[in-house]
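Counted the way mature numbering (1 follows the signal peptide of the UniProt record, and there is no 0) counts, the sequence shown spans residues -17 to -1, 1 to 249.
Just so you know, not all the hints are guaranteed correct.
[Claimed, not checked] Computed Cβ-Cβ distance ranges for the label pairs, DEER-style: (1) N34 x I239: 24 to 34 Å; (2) L60 x L177: 17 to 27 Å; (3) N209 x S96: 36 to 46 Å; (4) T179 x H226: 22 to 32 Å; (5) R137 x Q64: 31 to 41 Å; (6) L60 x G136: 19 to 29 Å; (7) H226 x S110: 26 to 36 Å; (8) V61 x S109: 15 to 25 Å; (9) S96 x D180: 16 to 26 Å.
Calculated from the structure, these hints are not laboratory results. Small disclaimer: the values here were computed from a predicted structure and weren't measured. For each residue, glycine too, the CB sits at the ideal point set by N, CA and C.
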Amino acid sequence: AITLSLFSPHLCSVCWCSLHRVGPAADCVQELGPALVPGSAFPLLQVLLRNSRDLGFCGGSLIGRRWVLTAAHCLDLVSPQHITLGEHGTSDCSCAEQKIAVERSWTHPHYNSNNYNADIALLYLSSAAVLNEYVIPICLPSPNLAALLSQEGRVGMVSGWGATHDRGSTLRFLMKVRLPIVGLERCQRAMHQLLTDSMFCAGHSTATADACKGDSGGPFAVSHHNTWFLLGIVSWGEGCAKHGKYGVYTRVSNYIPWIKEVVESV
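Between the sequences and the hints, there should be enough to build the whole structure, so can you do that?
What follows is the structure, given as structure tokens:
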């Protein structure tokens, strides 16, 4: 049977994440390029990490009222001072926006900055997020559900404020793109860097759309029965939307025990 990993009251609950309706399933529609996200289209899929100068530098996912999941490499050089929720434009003030300080952070103990293995980190917020129609935690899948959702060809949603090409700059508005999952063996043949079983790939072999700089730490989310599940974290790639290349994502389901351990330690 497929069940949710609702292992802690500190993380997402059935009433908030599993009953959130998402409209057309993400694996039913395909886009050839990034598209602007309307003001309340995908309220649960993105958190923006900001530095001491209030500049956004990475994405993340709200998995509980006080917990954000992001990429470990986002914390390599910059310490996030606060995060914003319910935000679609990086410079315009929104009535739905919440700004919350980051109290503490954890990087996975096996994180390797050379090959991006275990590229995952947790942020603990100084106060609880107010959950509403704009701010809803994303669900974490059980191992069985994660295996189902990560099959080759399944389409997921990537969103962020990152650049749309290698030499581009980060954007003012949240963008989204739907990308198909690519088998690990097929992806490895296209990449120079070694992949591990804690990673997965997504994208098109043609240079159409991809995650890029500024999108790091953001979600790769898959819709299942009108529910968004966090399958991956934007991690690395060899360029952005390059012909024959794919984006690489941290496989979140491999780190559920670590997430549980950290959350229950607070």
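Item checked: CB-CB spacing for S96 and N209 relative to the 36 to 46 Å hint -> The hint (36 to 46 Å, Cβ to Cβ) holds, given that N209 and S96 are roughly 38 Å apart.
Next item on the list: Go ahead and decide if the range 26 to 36 Å is satisfied by the Cβ distance of H226 to S110.
Entry: This hint is violated: roughly 46 Å between Cβ atoms.
Check: Taking the CB of S96 and the CB of D180, does the distance hold inside 16 to 26 Å?
Finding: holds, 19 Å
Next item on the list: Could you tell me whether the CB distance from L60 to L177 stays inside 17 to 27 Å?
Entry: holds, 24 Å
Margin query: I want to verify a distance hint. Is the separation of the beta carbons of L60 and G136 within 19 to 29 Å?
Written below: Hint violated: Cβ distance 36 Å, outside 19 to 29 Å.
Notebook entry, point to check: Should the hint that T179 and H226 are 22 to 32 Å apart at their CB atoms be regarded as holding?
Noted result: holds, 24 Å
Check: In this structure, is the beta-carbon distance linking N34 and I239 contained in 24 to 34 Å?
Finding: Cβ of N34 to Cβ of I239: about 29 Å, so the range 24 to 34 Å holds.
Check: Does the Cβ pair R137, Q64 satisfy 31 to 41 Å?
Finding: holds, 36 Å
Checklist line | Supplied distance hint 15 to 25 Å, evaluated on CB atoms of V61 and S109 | finding: Distance hint for V61, S109 holds at roughly 18 Å.
Consistency with the previously given hints fails for numbers 6 and 7, ordered from lowest to highest.
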